[in-house]
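Next come the chains, spelled out residue by residue.
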Amino acid sequence: GENVEQHPSTLSVQEGDSAVIKCTYSDSASNYFPWYKQELGKRPQLIIDIRSNVGEKKDQRIAVTLNKTAKHFSLHITETQPEDSAVYFCAASKNNQGGKLIFGQGTELSVKP
Amino acid sequence: DTAVSQTPKYLVTQMGNDKSIKCEQNLGHDTMYWYKQDSKKFLKIMFSYNNKELIINETVPNRFSPKSPDKAHLNLHINSLELGDSAVYFCASSQDVRALHFGNGTRLTVT
Chain A
1 GENVEQHPST LSVQEGDSAV IKCTYSDSAS NYFPWYKQEL GKRPQLIIDI RSNVGEKKDQ
61 RIAVTLNKTA KHFSLHITET QPEDSAVYFC AASKNNQGGK LIFGQGTELS VKP
Chain B
1 DTAVSQTPKY LVTQMGNDKS IKCEQNLGHD TMYWYKQDSK KFLKIMFSYN NKELIINETV
61 PNRFSPKSPD KAHLNLHINS LELGDSAVYF CASSQDVRAL HFGNGTRLTV T
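For the protein sequence lines, the chains are A and B, in the order given. So the first sequence is residues 1 to 113, counted in this note's numbering. So the second sequence is residues 1 to 111, counted in this note's numbering.
FYI, nobody ran anything at the bench for these hints, they're computed from the structure. These numbers come from a predicted model, not from an experiment. Possibly wrong hints are sitting among the right ones.
[To be verified] Capping the alpha-carbon separation at 20 Å, the derived lysine to any residue pairs in SDA-like fashion look like this:
1. B/K9 x A/Q45
2. B/K40 x A/S12
3. B/K40 x A/S85
4. A/K37 x B/K36
5. B/K71 x B/L83
6. A/K42 x B/T7
7. B/K36 x A/Q45
Chain A extracted, bound-state conformation (with noise of 0.2 Å):
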């Protein structure tokens, strides 16, 4: 089955520095790729998410790229600000699972003012 490996499982940035947090999955047929972000002691909620005809996304501070022939997707936040600090997971689904999505194991993103 599919397996997500997201790096580094903790990130310490200065504000208004940039991060880039990894994934690598396995699938090759995986076609959804969604981001979350979930503040402490809260539900994980999307960000931002991407599909496999797409290359790179943007929203304000926030892009995605995916290279498909690697089987890796990353996530770039710009201009970081302290309220940006959470645990960032990335995922990966396929059509034919239901809509099962498989999360990497979290990135822990402190952001230092």
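Assemble the complex: chain A is given as a structure, and chain B must be docked to it using the hints.
Coordinates of chain B only, in the frame set by chain A:
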């Protein structure tokens, strides 16, 4: 106007007891899920229902029994609770292969 609501928010119980968690979504989605988040924050799917039909069962002990009376509700019943069942349980819903909408979670503590 909460999209996915689950109750209770906290559940503290003793080993061997039976407990239930309820979930409801008002998004009109066809698919609902239960995910377990352990102490290391890892999110793992347990079950998925599509229009009241079980479509995913991820090798979960049969002490866990999901029930979906209609496509807007997916409840989770757990028999003979064990210490290792302590975790946060998230209900979620989605439409086709799209983003999951999570509930606020139920923190289960087994003592």
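Evaluation of the provided hints:
no. : hint          : verdict
1   : B/K9 x A/Q45  : holds (17 Å)
2   : B/K40 x A/S12 : holds (18 Å)
3   : B/K40 x A/S85 : holds (17 Å)
4   : A/K37 x B/K36 : holds (16 Å)
5   : B/K71 x B/L83 : violated (31 Å)
6   : A/K42 x B/T7  : holds (15 Å)
7   : B/K36 x A/Q45 : holds (16 Å)
Going down the numbered hints, you'll see the structure goes against just number 5.
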